[in-house]
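Colleague: Going line by line, the protein sequences match chains D and Y. Each residue of the first sequence is one higher than the last, beginning at 614 in the working numbering. Each residue of the second sequence is one higher than the last, beginning at 614 in the working numbering.
Some hints here could point you the wrong way.
Remember, identical chains collapse to one label, so a pair may be satisfied in a single copy or spanning two.
To be verified - In silico SDA-like links for lysine to any residue, alpha-carbon gap of 25 Å or less:
id: 1; residue 1: 671; residue 2: 1263
id: 2; residue 1: 950; residue 2: 1191
id: 3; residue 1: 1162; residue 2: 1054
id: 4; residue 1: 1129; residue 2: 721
id: 5; residue 1: 832; residue 2: 892
id: 6; residue 1: 1059; residue 2: 1167
id: 7; residue 1: 1129; residue 2: 1275
id: 8; residue 1: 1175; residue 2: 1188
id: 9; residue 1: 1279; residue 2: 1157
id: 10; residue 1: 1179; residue 2: 905
id: 11; residue 1: 1162; residue 2: 1051
Just so you know, the hints here were simulated from the structure itself, not pulled from any lab data. As the structure is a computational prediction, the values presented were derived from the model and not from experiment.
The lines below spell out each chain.
2 protein chains.
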Amino acid sequence: MKNIFLLIIAASICFAQSHPNIMLTKKEVRIIRRDLEKYPLFIKTYSKVKQQIDEAIKQPIEVPVPIDAAGNTHERHKQNAINMQQAGMLYQITQDEKYAKYVRDLFLLYADLYPTLKKHPAATSNSPGRLFWQSLNEYVWAVNTTQAYDCIYEYLNATERKKIEENIFRIMAEFFSVEHAKILDLIHNHGTWSCAAVGMIGMALNDKDLIEKSLYGTKKDKKGGFLKQLETLFSPDGFYTEGNYYARYALMPFYAYANALNNHMPELKIFNYHDSILKKGLYTALQMTYVNGEFIPINDAAKGKDYLSPEMISTIDIAYNQYGKDDTLLGIADKQKSVVLGEAGLLVAQSLSQKKEFPKFKYISAEYSDGAKGNEGGVGVLRFGKPEDQSLVLMKYTGHGLSHGHYDKLSMLYYDNGLEVLQDYGFARFVNIEPKYGGRYLPENKSFAMQTVAHNTVTVDEKSDFDGKESVSEKYHSNKHFFDCKNSDFQIMSAKDTNAYKGVKMQRTVALLNDKLFVQPLVIDIFKVNSNEEHQYDMPYYYMGHFLKTNINYTPYTIEKKILNKNNGYQHLWLEAEGKGNDDGIFHFSWMMPKRYYTLTCSADSNTKILFTRIGGSDPNFNLRNEPAVMFRYKGKSNVFANVIEPHGSFDLVTENSIDSEGKIKSVKVIGSNDEATVIEINTNKNVGWILMITNQESSNNSKHSIEFSNKKFEWTGNYSLIKSN
Amino acid sequence: MKNIFLLIIAASICFAQSHPNIMLTKKEVRIIRRDLEKYPLFIKTYSKVKQQIDEAIKQPIEVPVPIDAAGNTHERHKQNAINMQQAGMLYQITQDEKYAKYVRDLFLLYADLYPTLKKHPAATSNSPGRLFWQSLNEYVWAVNTTQAYDCIYEYLNATERKKIEENIFRIMAEFFSVEHAKILDLIHNHGTWSCAAVGMIGMALNDKDLIEKSLYGTKKDKKGGFLKQLETLFSPDGFYTEGNYYARYALMPFYAYANALNNHMPELKIFNYHDSILKKGLYTALQMTYVNGEFIPINDAAKGKDYLSPEMISTIDIAYNQYGKDDTLLGIADKQKSVVLGEAGLLVAQSLSQKKEFPKFKYISAEYSDGAKGNEGGVGVLRFGKPEDQSLVLMKYTGHGLSHGHYDKLSMLYYDNGLEVLQDYGFARFVNIEPKYGGRYLPENKSFAMQTVAHNTVTVDEKSDFDGKESVSEKYHSNKHFFDCKNSDFQIMSAKDTNAYKGVKMQRTVALLNDKLFVQPLVIDIFKVNSNEEHQYDMPYYYMGHFLKTNINYTPYTIEKKILNKNNGYQHLWLEAEGKGNDDGIFHFSWMMPKRYYTLTCSADSNTKILFTRIGGSDPNFNLRNEPAVMFRYKGKSNVFANVIEPHGSFDLVTENSIDSEGKIKSVKVIGSNDEATVIEINTNKNVGWILMITNQESSNNSKHSIEFSNKKFEWTGNYSLIKSN
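All chains, please: the whole structure from these sequences, using the hints.
Modeller: In structure tokens, the structure reads:
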């Protein structure tokens, strides 16, 4: 230990003139001082931070012994780190020593406390921290405080530096890179935070070894570490494998550490690394938001989390600075109402001050591959309409997505008119809310939110994909079949899965069909299941809003109700009513959102059971949201669930005006389906209809198809064809 | 019939020069033409109306045979009347004959259709209409179209006038004032609309008899009619007896007809009538909104309906014009983004254009009496805080409130931080939404929404107040006890009811207690029930948001759940869990709203059962919203439910920051309660506490009280006393 200490002191002296040099550089500080008062958003951000820190400095400082997982001591340490980082920056900008003193005083208390800490008393994860219940929060703490240390380095005397480095950062570095080496080497957002933390401690301590470990893994064999993560956590299209909520979270350490590396090791050209993967990662994450800015909550995710979250502020600003000043980012920055206190933030604030209107972020229909090599399925997103009223359908046919992945192969989500219409439950967790299991993941996350039946997809025999085994699910992925969004009035995508259930082939085809008959496009959803054995196929739609009516007779459970079954998520579903399709195979189901009506029309006939369910069974602590679904249940070898969802009419609470509460779709019929193709007929009550033909086999864009169903011949070229009749 | 016709023609000719003379006057039209392009909001409203009508004129006109109660034919007739009224005004303003022609063409089609109509095919109410399922909508239609007729009167030739008057308005006048005379004479919002319709038809036909019937009742005996309604539908404080949702609705015909009367019979001085009751009616209705503008939904009411609704636009503008240009109305007018196309609208638009900021509408704490003489109980409203974050508690101790009244004596509502926290369910109805029982009141309105157990008040022996009999309930009212809001840091109100349940005396005392310990005031809620017989007392809180935790052991019904009982609303409540208070009499129950936490602390001990319920049982058509409540159940002769609701901490989804998810209230204890007084002790875990003493008997402000409980003497002056200890 003594040797290391001497080395650090030497290094400190050696490079003393170069502090700050992690997130801020001396040059940057000069620019900030010069332009501090020039651009309104920078002034606003700076004033707000200054006000907050000035206020914090007035309070007695607290460095409590850690107790809880999401209560006051947790929040205190989290906030202290943020305050220290900001006060450090303020010291650099203002040169007012009160900020440096505040940071120093906190550091010295931490230097007293930290060496005394063992495993956190509320630790439950397999990666416990010391200040925090999980090491993750400790990485975040280090990312913030190393910056603070860097900023006040020159203010500290040698004794202070020694105490801080030895009692905090050295111990942490050891804790992170040796004791928790496995996490640093992990391909996972925890790994990214660990790399950033260890690398930035390396920069703070001027310890090349730590930086190298952070870049190449603890064994420096490039099997783990920051670069490997850049190569493998994102697909070549920039899709982040854990899902969009965690993409948002991971982008922060990715960008922050990249920024620090760019200052420290410009020769790495980290922002160009792996075909500018950080750029793609950000843009794809933004494409994974709905027009209201909310991240589409596939896999573990908090509902409603959007791109205004603080992590996205620094990321957007740095990207704007590093990747050619793309003005379509400015609209988002403007909504964020804050910038990072650095050169990138200045630049964004400057650009914002020079423009009155910014080009909107350009949402597109697109397919994003999954997997490091882009060959592990993907996500398809179809959009139609202006931001004020956009329809979006997303189909998920990715790999598993690591520990935060859900068993939701071929799941579908639907947004319209600014709101979720067919929802993904997201995760079962109240982040940071102490009374709900310390803010940790709730047991219902595994038992419900992750299970297949919690998603808008097919569950076979009441078991989840891969029987809910992550280790198995990680080995497989669904497959793209075709994707075509060239014609905005008819966009279509199709994907398959043959591994989630042994002996069952699944193919889902989802399309947006725009026609002047409708206020927004129809969603066509064709889910084909096929097996040589008998199975039970359950397909729920978790619709949002209030049920209006259906055309079948059903039995409502009005005085007593029971859960659907005992396992795999079914225990969390109340059965509220059940019935079966009519003999004519025409099933309608209508509900309303605050401002629009929706009608689902399905080909379900009397062989299909129809269940009305509601989330909330087997939930003794009331951890779940009580939301409804309509579920189709088919028993047999093969089936095609052919559905059309029609948005229609409008309701206005202000005027109490209701328009077109009845839909126009009369029927959806499966004309035929075999291994080769599926043909669907959609009819309206306005003498307009469509025939949709899709291939079920590999097909090129110009291959011709001809098939006969019910003595009728259907011919087309390519993967699909849509014919309108009237 | 012929004689009448001749008379009309004569009258028409006689007064031809004076059209328009109902809502618009010739003089007003001249002013509008002159100032048309002067004020932005008027220009905006005018352009929008013009654009809509220009668009409507391009469409084929439709006057369909009536079929549905809320479907397309209903909406068509409703919209036609609005279009005709607006096109009529546009004709007056622009003098462009295309508008007059449009109105005329529609009138002539109605003149063909109307005489052929019998009772509407979807009629279910006891006041069926012909064009509409209920006569109410027909009154509204007439209020609009008489104005239209007035505006194009001079454009029409004698044959056209004859046909329109004879085939529409004469038949209508007969239908309204003879066949439905009972409604015109009714003290009810339907009566108001009928009076306005009949009176305005009288103005259109220049028929004094109709105007007199509208003013004094069909028998002209002043027992019914417009003036009687002004005297009896509002209390002297301006509280509208049916409740706030219907106040909003009734204010429109009240103000519109008053405005027409002011033009036609200025000698009536209708706006000064009955101590300017129309002014009080509007201001009290506005006080009956929360700071977000939403009407507090006591009695039958749509949730979320606010003062932006079109009825409130003309009302606000006319009030601004008639009652001395009160600038605190301008902020509301500004949010409405529209004005009435008349002199009043011009004036508001002018005032808005001259000011950059408007004084906000001044929300106050106040008590409003109910009953024509102001001696039938009332409503108490306590408010604390700025509009951005205001706490509001309301207690209802009124009379029944006519056919839209609920059995909710001494019910309490609580709003905070911009949202409902303890809700009133409102009505069970999807207004104008055809698939939900034609948009009519649903059966669940009577069976649930009106019942006592649907409200935050005490239900005795599982029966509703007055056994749910309107005729009985109409005879009684609750009584004020005391109300004091002088000290904004401690506001308190108390009321009693001794009639709702035979042999049971009920007294509720509700207070807002502000202290620096809390983010917003505590709500103190003391509900005393007292009888010589054994009863079961149930007291629910319909909390909004998500349950977090409680300190009692409870039995959750996780795999099967049942309804609470069979009648009086209980059949609509699922029992989700049950338990009982702890021996120490300290019960905590916490939940969260999107941005804040709430903890209810109750004195309930092991003699009190605690039920977790959720609305939605016995609801085969899924008409109800599935919302939770926590219910206290006490069996015995007498009890005091002493509760404190503490708002605490904050949650921010953007940053995922959680602060103070634990409340500070440690206990609430009933030190003693008898016929004379109740003494309550509230303690925090911060060594701060309060003793609250309240009188249970009539008491003046300076009468002295002395009482001994548990060998302790409590002394105070007046109705209450609060003592802080620390």
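Colleague: Where does the structure disagree with the numbered hints, that is, which hint numbers, in rising order?
Modeller: 2, 4, 5 and 10
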